[in-house]
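Chains as they are written, first to last, in this note's numbering: chain R, 218 to 582; chain G, 23 to 264.
Just so you know, the hints here were simulated from the structure itself, not pulled from any lab data.
Each residue gets a CB set at the ideal place from its N, CA and C atoms; glycine is no exception.
Heads up, some of the hints might be wrong.
[To be verified] Chain R stretches covered by chain G per the calculated footprint, using a threshold of three residues with CB under 8 Å from any CB of chain G:
(1) 400-407
(2) 434-448
[What the hints assert, rightly or not] For lysine to any residue, the following SDA-like pairs were computed, each having C-alpha atoms within a straight-line distance of at most 20 Å:
(3) G:K51 / R:W395
(4) G:K91 / R:W395
(5) G:K51 / G:K91
(6) G:K131 / R:T393
(7) G:K131 / R:R327
(8) G:K131 / R:R399
(9) G:K91 / R:E374
(10) G:K91 / G:L107
[Said to hold, decoys possible] Some, not all, of what chain G presents toward chain R, calculated at C-beta under 7 Å:
(11) G85
(12) K91
(13) P93
(14) H94
(15) A97
(16) R98
(17) G100
(18) R109
(19) F111
(20) R113
(21) A123
(22) G128
(23) G132
(24) L133
(25) G135
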Amino acid sequence: MPNVSRRWFPLGAVAVLAAAILAFPSLAPNPYILSSGVVVLNYAVLATSWNFVGGFTGYISLGHGALAGLGGYATGLLVTRADLPSFVALLVAALLVAALAVPLGLAALRVRGASFVIVSIALVLILLLVFQSWASLTGGSRGLVVPRPFPGLLRPEHHRVFFYLYAALLAVAVLTWWLLDRSRFGLGLKAIREDEDKAEALGTPTYAYKLIVFVLSAAFTALSGGLYALWFGDLDPVFQFSVLTGSYLVLMALLGGVRTLFGPLVGALIVGTALEYFKTEFGSTPLHLVATGVLLAVVVLVMPDGVLPAIAAGWRRLRPGEQSSIREMTAADLAEQRHRSRHDDRSGPQGDRPAAGETREEVHG
Amino acid sequence: MTLETVELRKAFGGVVALDGASVAFQAGKVNALIGPNGSGKTTFFNCVTGMIRPDSGRTTYQGQEITRKPPHAIARAGVGRTFQLCRVFPRMTALDNVLAAVRPGGFPKGLRGARSRSDLDRARGWLTRLGIEHLADAEARAMSWGQQKLLELAGVLMAEPETILLDEPAGGVNPALLDRIGALVRELNAEGRTFVIVEHNMDLVMSISDHVVVFDRGRPIAAGPPSVIRTDERVLGAYLGV
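All chains, full assembly: derive it from the sequences and hints.
Structure representation (C-alpha cells):
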C-alpha cells in the first residue's frame, strides 16, 4: 500500500537519524572528532530554534547568534557571579533571555522583510559592543571563563556527556516544532509567512503570534548557547556576538529546507560538518569562508527549496502512481468529475454545459 | 444598523482619499459601493477593516466602536473581507487556506491539531459549496485566478462572518463564474449575511444589490435602491458617464 509506505518512510528515516546520532560518540575515532560532533549538534539545535521564527513566520533573523551569546553569557555569569549550580544557571539563563526577548520582539517584529533583517543585525552589533566594553562584568575582550559542571570528568567523557545533552535538547526542540507545525497556532504562523495582512484580515492576531514564537525560539536558542558555555568553558564576545553565527544558521535552515521539520537539522549536519572540515583543511585562513560560500551557491542553484524538499520531489517522481496535484488533472478528468457529480446532484440549474466549459477554461487560464 | 461610518477622513500626502465619508449600510441586505476609480472605495474598505488608520472620523459595527481596533479584532467582531487583488496563501493547500480562518481560541486550545474532524468537515463543506472541492489538496498558487477568488471567499466564509465586504468580486472572472458568484451572494444573503460590495460591473451591482451607495471624491454623493440610483443625475454625471 502506497499510503502505508508514505507514513512509514519518514518514521524510518527519523529512526535511522536518531540511531546514527546516538551511536556517533561510540564510533568517533578520537576526541577531536567527538568535539566536532558536539559543535555540529549545537548548530543543529540553533538552526532548529531559528526555524521557529524563520520557518513558520518567514522572518529571517540574523540576530540569533546574539541570543545564543546572551544565553551563554547569562549562564556563565550566573555560575561565576551568583554561584548557581551549572544546570540551574542554564535554565534561569534561558528564562532571562526569553523575558528579554519580549521587549526585543516587540520592537523588532514591528518591521518586516529587509528591515527586520537589519534590526536583527543591529541587535548583534549592539550586544557585541556592550559585552566588549562592560569588562567589569563580562571580562570584556579577555573573555569569560566558565567552570565545568563535571570537574572530575576526562576530556573525551566530557565531550560524550555534552553530546548526549545536546541530542536531548535537539529532540525536545524538534518535537516542539512538530507540535506547533500541526497545531492551529502553527497554521496561523504559516499564514503569516504566506501573507501577513491577509492572515490579519482573517482574524489572526499576527503581532501576538509572532511575539510568542519569537520568545519560544529565543528560549531554545539561549539553552543551546548556555550549554555551549558549560561545554566549551570560555566565552569571547567576538565569537558569541557574531553576525556570522546568524548567517550560518540561515544557511543551514535554507539548505535543509525551512518548511520541513528536519530541514534545519539536516542543513546543520551538512554545513556544520563542512565548516569543521574546511577549518581543519584550510586552518585559520579565510579560505574556509570561501568554501562555505561555494557550497551555499551550489545548493541554492541546484535545490532552491532545500535538500529535503528536493529529495521528497525526487521520491515522488520515482512513484508516478501517487501524484495528486492540480497539474496532473487534465481538463477531461475534471469534466468527467463534473459529469459524475452532476449525476449525483441533479438540482444544480447552471451545472450543465457552461460549467464544464468554464472549468476547462480555468484549468488552462 | 450594521456597519456605519461618521466623517471618515484619510489623506495620503496631499491626496485626499476620504473626505468626511459618512455612510450607513443596511443590515441583512446586499449593499453595493460604486464610484469612479480613485473615488476612495478601497481606502474606505481599508479604514473600515482596520488595515489603515483614518486621520479622523469613527466607524461603528452593530453600535460598537471599531475605529482604532486592529484588523484581526474587527474580523473577530464578525466582519470578513476579500481583497481587490485576490489574496490567498500561495504555498498552502486549498484546504489549509480555509482552515487558517478557524479561530484557534487561546493558549491550550491553539495547540490542538489544526485538522480536527469538525473543522475539516466544515472546510470541505465550503470548498464544495464553492465548487472547488476537487482542488482541496492543491497548493493555492497552482490554481487559476478564478479558482483563487473562490478559494479566498471560502476562507472568509469559514470564519463565519455576519458581514462580508467584497472588493471587486467580478474583477477578472469569466461570465459563467460571474453568474455563480452573483447567485452565491444572493444565497448567502438569504441565509442572513450582510454584504457590502465594491464593484464596477454595473449589471452585477444592479442585479444583486438592495442598496447602492455612490462615492465620488472620497465621500458618498447618493444612496438608495438600484432603480433610483440608475436615474440619479449626480450619479450619471460622476460615474455612469451619460
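Each hint tested on the structure:
Judged by the Cβ-Cβ criterion of 8 Å, the segment 400-407 of chain R is covered by chain G as claimed, because 7 of its residues qualify and three suffice. Counting residues of the segment 434-448 of chain R whose CB falls under 8 Å from any CB of chain G gives 0; the rule of at least 3 is not met. At most 20 Å may separate the alpha-carbon atoms for a hinted pair to count; K51 (chain G) and W395 (chain R) exceed this at roughly 45 Å. For the hint pairing K91 (chain G) with W395 (chain R), the CA-to-CA distance comes to about 33 Å; that exceeds 20 Å, so the pair is violated.
In summary, the hint linking K51 (chain G) to K91 (chain G) is not supported, as the alpha carbons are separated by about 25 Å, beyond the 20 Å threshold. Restraint check for K131 (chain G) and T393 (chain R): the C-alpha separation of about 16 Å stays at or below 20 Å, so the hint holds. At most 20 Å may separate the alpha-carbon atoms for a hinted pair to count; K131 (chain G) and R327 (chain R) exceed this at roughly 26 Å. Annotation: proposed proximity of K131 (chain G) to R399 (chain R) holds, straight-line Cα distance about 13 Å (limit 20 Å).
Straight-line distance between C-alpha atoms of K91 (chain G) and E374 (chain R) comes to about 58 Å, which puts the hinted pair past the 20 Å bound. Between K91 (chain G) and L107 (chain G), the direct Cα distance comes to roughly 24 Å. Violation of the 20 Å bound is thereby established for this hinted pair. Checking G85 (chain G) against chain R by beta carbon gives a least distance of about 21 Å; that is not within 7 Å, so the hint is violated. A distance limit of 7 Å between C-beta atoms decides the matter here; for K91 (chain G) the minimum to chain R is near 11 Å, and the interface restraint is violated.
For P93 (chain G), the suggested interface contact is upheld, since its CB lies about 4 Å from the closest CB of chain R, less than 7 Å. Taken as an interface hint, H94 (chain G) checks out: its beta carbon lies about 5 Å from the nearest beta carbon of chain R, inside 7 Å. For A97 (chain G), the interface hint holds, the least distance from its beta-carbon to any beta-carbon of chain R being 4 Å, beneath 7 Å. Against a cut-off of 7 Å between C-beta atoms, the interface hint on R98 (chain G) holds, since the closest Cβ of chain R lies about 5 Å away.
Because the beta carbon of G100 (chain G) sits about 10 Å from the nearest beta carbon in chain R, more than 7 Å, this interface hint is broken. The interface hint given for R109 (chain G) holds, since its Cβ lies 4 Å from the closest Cβ of chain R, which is under the 7 Å cut-off. Satisfaction of the interface hint for F111 (chain G) is found here, the shortest Cβ-Cβ separation to chain R being roughly 4 Å, below the 7 Å cut-off. Using the Cβ-Cβ criterion of 7 Å, the hint placing R113 (chain G) at the interface with chain R is satisfied: the shortest such distance is roughly 6 Å.
Taking 7 Å as the C-beta cut-off, the interface hint given for A123 (chain G) holds, the closest approach to chain R being about 5 Å. Below 7 Å, beta-carbon pairs count as interface contacts, and G128 (chain G) has none with chain R, the closest being about 10 Å; its hint is therefore violated. The beta carbon of G132 (chain G) is positioned within 7 Å of a beta carbon in chain R (closest approach about 4 Å), and the interface hint is therefore held. Checking L133 (chain G) against chain R by beta carbon gives a least distance of about 5 Å; that is within 7 Å, so the hint holds.
With a least beta-carbon distance of about 5 Å to chain R, the hint placing G135 (chain G) at the interface is held under the 7 Å criterion.
Violated hints for the displayed structure, listed by number in ascending order: 2, 3, 4, 5, 7, 9, 10, 11, 12, 17 and 22.
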